[in-house]
Structure formats: C-alpha cells, structure tokens
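*Asks:* Using the sequences and the accompanying hints, generate a full structural model.
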Amino acid sequence: MRSTRPRRRLLLATLGVAVASGIALGVAGLWGEGAVAAEPLVATSVCEAHALKARKAEDPSLEIEIPPNFDMPWPTRAACLSHEAALDPNTPGPVQPIPFSHKHHAGLYGVDCQYCHSGTDRSPAAGVPAVETCMGCHSLFPPSYDELSGIRTLKEYWERKQSIPWIQIHRLPEYVQFRHNRHLEAGVDCQACHGAVQDMDKVHLVPDTHWWPWLLPTQKLEMGWCINCHRQNGASQDCLTCHY
Amino acid sequence: MPELDRRDFLKLVGVGAGGAAAAGCSDHVEKLIPYVVQPEVITPGMPVFYASTCRECPAACGLHVRTREGRPIKLEGNPDHPVNRGALCGRGQASIGRTYHPDRFRKPQRRGAAGALEDVSWKEATAALAAKIAERPGGTWVLGGATGPSLSDLIDRFVGAVGAGGRLVYEPLSHDALREASRAVFGAAGLPIFDLSGADYVVDLGADCFETWLSPIEHQRQVLEARDLASAEGRAARMVYVGPRLSMTAGNADEWLPAKAGSEGLVALALANVALARRQAAGQPVGGDAGLLAALLAPYTPEKVAEPTGVDAAALRRVGEQLALAKRPVALPPGPGLASSRAVAASAAALILDAVLGAVGRSVGLPPETPATPEPANLAALEALVAAMNAGRVSVLLIHDSNPVYSLPPQLGFRDALAKVGLVVAFASGPDETTELAGLVLPDHTPLESWGDASSRPGVRGVVQPTIRPLFDTQAFGDVLLDTARAMGDAVGAKLPQGSFRGVVEASWGGSFDAVLARGGSFAPAPLRGGAVQAGAAKLAFRVPELVGEGEHALYAPPSPLLYDGRGAALPWLQETPDPVTKISWQSWLELSHASAEALGVEAGDVVAIETPAGRAEAIAFPRGGIRDDVVALAVGQGHSVGLYASHQNDGRPGEARGASAIALLPSVRDEAGGRAWLVSKARITRTGGHARLALMQKSDNKRGRQLGDAVALAALEGDAHASGHAGPHEVRRPFAAAADATDGSAYRWGMTIDVDKCTGCSACTIACSIENNIPTVGEEQVVRSRLMSWLRIERWIGDGTQELRAGRPPYDDHEQLGRIDVRNSPMLCQQCGAAPCEPVCPVLATYHAPEGLNGMIYNRCIGTRYCSNNCPYKVRRFNWFDYAIHNWPDPMPLMLNPDVTVRCQGVMEKCTFCVQRIDLARQTAKNEGRPIADGEVTPACAQTCPSHAIVFGNLRDEGSAAVRTAEAGGVRAYHALHTLNTRPSISYLARVIRDPSSRIDEDGGHAEAGHHANAMTPSQEGTA
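Note that the protein sequences, when read in sequence, are chains W and P.
Here the first sequence stands for residues 1 to 244, where the numbers follow the numbering used here.
Here the second sequence stands for residues 1 to 1025, where the numbers follow the numbering used here.
Read the hints as simulated data drawn from the structure, not as lab findings.
Here are the simulated lysine-lysine pairs, DSS-like style, with alpha carbons at most 25 angstroms apart:
id	chain 1	residue 1	chain 2	residue 2
1	W	K161	P	K107
2	W	K155	P	K31
3	W	K161	P	K31
4	P	K123	P	K495
*Replies:* This is how it looks when you write it as structure tokens:
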C-alpha cells in the first residue's frame, strides 16, 4: 500500500505538468498566433500604397500601414498601373527607353494627339515630340511623381540634353512617301492606322484581322491594307502618289 | 506530357517554323530621334529656306538654301539678287558638297615631328600661333583669296593691330591684265563692270563669258535674253566669238573668227578701226578724242592685221561695220587663259573698241573709285613675296581661301620657298596641296556654315549666313584672327573689334539685320560709270606675243568651266559632269586639230606627252575640228594628287595625280605690268605609245539627220519655208497633241518646252538634278562603260550630221570645222512619252503611265530586267549596276540626301521624274487651298537653275501656261525629239536658229544683202559634207 502512493503522485504530477504546460503552450500558441496574424503590410512607395489600398478594398480584413510620406495622391493609381504595364516585357510592343503610356496621357487625361505630335497637320512627318514638350508639363509636377522610374529617366535625359531614342513601331519602307498632312486633311483619324492608341500602355502594331492571328502573324501598314482604304474612300490609287 | 498524335505534331511544327520564319523576317529595330528642344522655325518634314551668297567664285551669286531639319540639302538661286536672278551655275549647285565632303578636316591639326598631322586643340593652336607671331610680328604675312568686305577689313585690321608684314590677296584668275588695261585706257585701275542686258551685238574676244569670266551667270542670262527670238530686236541680235578654239561660249555665237592665240587685241583694233570710221561718218560719239583714236587705230586696218591674226580681212571689215550699226554693241576683253606677255595691250584694245562703240557707260562701266576689297596681287607682287620667303623674312605665313602650291606657276618657286617659312598656317577646310606643306592646319568653316558677305560690284552686297551648325570642330577664319590677336595680349586685342566675327558682320550692315538676312543682302546696283579713252592709251604697244619654248603648237590653258582654276576638282559632280565641249569626265585631255594629230600620228585616246620649259605632263589626245592647227589646249583644273575625288584616291591609288595640271606646264611669265600671263609657252607634243579609254558621255557629235538638236535658219522664222532646211512645209514636226496623253478628266498633263537656241551647254541643270534627286556619282571607270547615272544630259550636235557608212567606229567622231559654228546643245531627259516604248515591255509593270501623263517609275517593283532601257529610243533610263546607295555616299555625304526622294538600291532602274516630289508638294498646298496648281508653282530643279531659262515646265492642258505658250510661239521651230518614232513625248523642243551674220538689218531697215556667208553652216548647205 505504501509503495504505490508515490508512483500515483508522480503520475498525477506528470499529468498535471503535461496538462498545465499543454494549456500554457496552448495559451501561448494562441497568443503567438494573434501576434503573427496581427502584423500589418507596410507600403514602401506611393504605388505600393495604392496597391495595398486596393487589396484592402477587396479584403477588409487585411491590415495595411501607409506611412504618411507615401500617402500621396500623385502618382495616381492609374499612373502606377500604366507605368507598370508599359514596362511589362510580356505584352505586345517593345519596352521603350521611357515607359510612356498613351493610355494614361491620351486616354485618361485626354491630351490631344496633336498636342505632342504637332506639325502632323502640316508636315508629311508625324512629329515625335521633343523632350522639351514632355518637360513642359513634367517640370511643373510635384516631386512625388519622381517615384516613377520613367519620370526620373525623362528628367535625366533633359538634364543631359540628350534626345530619347524611341523604338519605331510604325515604319513604312523607305520607298514609300507617306504624307501625314494629306491624311489629316482628308479627315482620317489617327486611330484608323495606329489603332486605339489611347487604350495602349505600350504602343504596338495592331493586327487588323482578328479571327486568325494565332496561325499567321499579321501586321498593319501593308500596301494592300492602305489600298483598301483608298479604294473605299475614293482616294488616289495611282502608284506615283506614294512611290517616287 | 499528353500524347501527341501525328496531326497535332505537324501543326505544332508548322506553327513553330512559321513563327521562327516570321521572327527571322522582322526588320531590325529602327529608332526615332526627336529634338531635345525643337527650334520654332523647324517643323520636321518641311523645308526652311535661308538667303545666303555663293562663294564658289568671285561672281558671288545670291542663294536660297533649302534646309531640312537643320541641314542644307539644295542650293537654289535667289530671285531677288541682281546678278543671278534665281539661277545658279553648276559650280554653285555642286558647292553644297563642300560642307559634306568626306575629306574635310574635322579638327585643327599640327604637323608633328614625323611629318604627319596630329590633332591639337583650338586653344593650343591659337596660343602657338600667337606666340610664333609675337616672336617677329613684322615677319607675318597673310595670303589668300578674294573674300567679302567684312572679312577683308578684319584681315587688314589684324595686320595693322599685330604689326604684321602685310597681306596679299591672291586669286589664280585675277584678270591682272584687264585691271591694268583699265588704268591705261581710262585712267582708272580695276575690273570694269560689264552689263550685257540688251546687248544686240556682242564680240567675245576670247573671254568665254558664259564659263568662268567675271560673272558667267549674269552674262549668260543677259545675252540670251537679248537674243530672245520673240522680239524683232532679239532676232536682230548677234554674237561673234574671236579665239583659237571653239569653246562652250563660242558654240553659242553666230560667227567664229578663229584668230591666232594672243592676237585678239589686234582683231579688236581692226574692228575699232572700221567702226570708228563708220561712227564718225554717222556723227556718233566715239568714246574719246576722235583725233587721238584715229591716230591710235590708223595702223590697224583689217588688211594689215589679217596676216598676224589669221582672220580674213573681209570678215573683219564686215563685223566692224555691223558693230558700228548696232544699237548696243559691246566687246569683251580676252579671258585669263589668253593672257599673254602682251595681255595688257590686248585687253586695252578691247576696251578701246568698247569706247569707240559708245559702250562705255552703257554696257561697260569703269571700275569703282573705291573698291570694296583690295585688288589682287599680280605676279610681280607674288614674286616679291617668294623672294622675301626665300630670304627668310617671312616667319609666319597664313594661307586662306586659296591653294597657292597648286595654282601658282611652279617656276615661281613657291613650294620650295615655303620650306623656308618658320610656320605655315593653312585655313582650308579640306586637304589640298597647300595643306600638305602646312605646319598648322586650322580648318575654316565651309561657306554654308559661315557668316560673311560678298560684293561683286558697287551697290550690291550679299550676306552669307550659316545654314547649319558647323559639322566639325572648325572655326571661322575671322574668329581665329580675333582669338589669335587677343592671345597676343590686351594691347593687340584692344585694336580689334570685341566679340565674334559674326558681330563684325552684323555691325557692318546698317538698319535691320533681320531684313538683310531675309532678303539676302542689299541690292542697289550703282549705275555704270562712264569715261573716255585717255592719251596714255597711245603708249601701249600692240603686238602678237612671243612664246617661250620649242614646239609647233602654242599651249592654251583655258580655265575649265566646271573645275574653274582647280578648286572644283574636289567635288565629284564637277568631275563627273561631262565637259560641255568635249563631253569628257574625270580626265585630262589635250585638244589638237585633226591635222596636228595626223602629223603626230595620234588618234583619240592615245596618250601624249606635253613638254614645255616648265615641265612635262601626259594627257589623252583628243583631236577635234574646232581648234586651230597651231594651238593645243589643255584645260586647267586637274593634276591634283590630294583628295578623294581630285586625285586617284577613289580608284584605289592614293597620292597618284588625276590627269595633268596645265598650270604645272606654264612657265612663270609676266605681262607688261607684272600681271600673270597664261598664254606663254609653246609645247612639244610627242606620242608616248600609251593608250587610254576616254571617259566620254557622247562619242559622236553626228546626229545623222535625226530629229534631235534641230536647227532652222533665221529666215524660216520670217516665213521663208525653204529656209527651215527640212523636207518642206508638209513635214509635220509636232504631229500630235501631247496634252491628250493623260487620263480624261485629269486637270494636268505635265510637259516641258526646251529652247535649244537658249541652251548654252553649261550643264548647270545636270548638276542641279543630280543633287535634287540623290543621284550618285559613279567614277571614271564606270563612265568609260557608259554607266553615268545622271538623269539629264546635254547632247551636243554639230550640224544636221551625215549618214555614215564607215564600217569601223573611231573612239571619237567629230564634225567640227575651223571657223564654223553649228553647235546645238540639247538637254535630253525622259520625255514622259504618251506612247512610251518602255511601258509595255516591263514584265512586272514597274513603269507605267500615270494619270497626269508622267511615266511613273516604281523602284520597289523593278526587278532589273532592263528591257525598258533597251526599248527607250532616247536612252534616258539609268540602271543601278552597283549598290551606289551604300558605297558612293561616304560619310557625311548622306546628310545631303533629299528626304523627299527615294534612294535607289542595286538592280533598280531610274530616270527623270519631272521632279514629281515638287509636283506633289505643290499639289498639297493647292489642295489645302481648294484650287488647282497654278502655272509657275512647280519648277523642276533643272528649269529653276538654268541661267538662260531654256527649260519651261508646265501643264500642257492649260492653254495659258508658259510651257504651252512658248511652244506655240516657237512656230516652225517647235519639234518633238525623234518624232517619227511616234512616242508622243511631252517635251517640245524649239530648234536652234542659225542667224546668218551677214543678213543683218542695216540702218535703212532693209536686209544688208552681203550674200550667203560661208562661215555659218546653214542646214541648206548640209548634206554634202
């Protein structure tokens, strides 16, 4: 009788310790979970702040923290998205030296094509704008814009007085003399040949056939396509009009 | 991975291959480079024009420079400039090439110890120059070509400020004799001013006034206007050429008196002798004291001078009489090529003749009392400089705007004397013989990059303004002088204007500089100054010159109409455009008569050696009928050993001289007043046994009776049908209306009228076309193979030609005859035929008939069968045998390409398009304004540059257009080229009119029936030659 009492106590004590530690651990575990679960997401840029806010809008349980210096209206979320899209190598169109987004400027802000591409109505050439034209607006914007790498690149080009080597998208062979001003005079709008540029973050050639581009690559700006439009609109189909 | 069945596998492979192929077909990436700051005046794609002044020769014609995106691409004449009035000669057109020349110095250079040129900075260079001058200022001399007044003044001020030894203005063709003759005859030294407007009787005493003499464009314009057949005065106008050789100018005259070389002065005196008597009898003024003149001229009757001059006395008498009867006669003194040791007297004789004719104060003006720039140094002054150099008195020699090592007579010893000069500084923009010996090369801007001015006569000063920022690290000569003076210390620097040379130029114009820049200068030509023959004229000794050396021929070295005094040799267009008379490119040829050739046993193409006391050279013999038996002619300009185009460097033989330098063969001889003489030596011609293929554009001047450069006698215009020289009044020479050959309803049918009577053969149109249309130069070897690329050529025909039945064809076949002129210069270009033989034979329809009547040539469709050229009877189609686009435009020449014209690649046919790019440009403006293209709104490059307005372009469907009116007014003269082939060309030619010099209208208004004169070859006399 006397020999089993200490073993029973030992067993009870062990059990008690186990339960207690288990409870303690459990409580501790609950506490830890709460600390891990309660750490907020911190934005490290204005764009990231916009992204986090958007995520939070979708998932209100998300904890986010926006430091005040990143809680800015500029650059806007649209600007951030466009900037990102213009840098995306996986979408149509080459990545340009500056990720300029027509969708943002011409689409969202409605800047007229001829504001930048001036002279198109008078000259045979399209008129890629001078760096000065970009700086005309961008020199006036608040410094928070410079968060976008594209804007910083633009300002570097301007500081160095170096021109931006854009990659040409719309190119006609050298033996074609295409006159922009005549087409503008005739009332052809830019989108007819260049596509819906105002919806493009990254300018690319738009195929004009939609039902089988995945078997045969199609490109716009082929002679047959030009002739087709000329035929439909009663414009000259004489060879010498464009080839001399 | 899912199992692929056979079909799917093939699909995938197909797509993959297609994708790979497509990726492989994609173009390499092209970039768009915008401006950083776009200048307000520039809209990319549209031209901007600047007014400036041509500096290619002292005539200083006004320019309108067409620039695109800040680069000049075409030079056109300034219509407001009184000298050229919108025209521009071939040399002026080609001068755009100097700015884009691949040879240009790109930085200042210093000659190192090893003898090679090394780069140096401007600061170092000016410091070194300043230091060297400061060592011994009195030993500094400036030697250079005629510049505008602003730069000339600055040079003089520099010389004064620095305390330099002095300055010499040096021009190879300095007309020394004429300047002195003016002093001797009128008491006023300097170049007289010639105004040939309304000149109804011109006697060119070897001046070659349409080529290089004084102001060639102006003379050409004025004389051809005076001879315009639309008016009675024009039909009565005559031109007589006196000289040993049928030059380009002579070909346009009505009569040629082939006087012995150097005897032009005696001819002038004989003419004056006759004219004086006539005018005195008629009570007309004789330009001086009648007694003095009579005494002076008495010994020089036509009969007395007939023998020393070799001209028929009756001809001299007749010409003298007609000169006296003319309303506005003028005589032009001999040019530099004929300046002998008696040149002052010869030129004076011409001026005396002018005085007797009453031309002084009307067509000839005395030199200005205060010339705008110093007179050029004569040979005596240059000899003094060389003596000073040899004596070691010249420590620094600054050489600008000239190439004295090439253009001074070698016997002067300038080259050796240079070695004794401490520091030779050259300011040329490209390498030449002088820069090769310079210790310091400080390259000047080319004229299209420069500020400056130019004044060719009182009241006319053109501004020179830059049309492009300097392409390379060059500096304006004026600025270098200012910097050097300032580097010598404040004391020196303070004596010169502050600021830049541009400031100096701007300050020299009063009033609004902007207005000056817009107009191109200030144009208020002063009236001609009159004067009388002074007593001192009687002291002149008029004799035929003695020539040094041995030989049976006199060596005549005329300046080349294209290479001028040698400066043109650097420009490929001037080398490649065929010489207006011989049609040879790129080479040096020796002209000699057929009798001389036979006596020597040489034929065309044989290489002959020419020996004079000054040296020996080799050239290719070129026998022709239009030169005296006792003269051989070697044009000045070739013989350079430096330069891509001037030497054989482009043929893979750098350092080898191209052709022969006529200057190197001429001994250094002075005329009576120390001026430079060029007709000084006899030449010994010997066969070398060598043979060369002549780079001839045209191998025969025999048109075999074809309807090409046609001519009619003057009488035909007055209704004499037989005089038209053709089959009879029934022959229809314009059998159809070209206006029909465009789409029904088209408002336009483009066409031209070309007046063969007005075409002088100067070839400015050819060069203008080449530059406007991005036409490459192909080089000597390809020209030999008849592969010239120029779309426009000037065909030169002599007479109606003969039907030849000879079996073999000689290397060159010519029909010139001594003393006879029947030269027809006919521009030949694509006729834009209505029934074009080239159109139906193209297998791919690369050439077709466009709706407005043009023959369209679509380069990208052409596959190069060359059937079109085969079928073209006019042979105006040019084929790109090689990839000229890549090889024949060495950097930085692509900058001058016209962006509105496609640059053609290998394997593609091309031809004249009537400057369709200009038509298209005019159409855009017209469409914007909702109206048709007006007459005169489109001017092709050729028509625009022609000094005689021989080419008129227009819409043949517009009855009122100039092209149609001119053709209609031509009447019996109008014809289509090769009209019997029924190609329906759109170009109407107006035949050359042979004016029988004897059938002038005399004072009673009737025809002076002196009988058919034997000199001119009238068509009715042809057929039996």
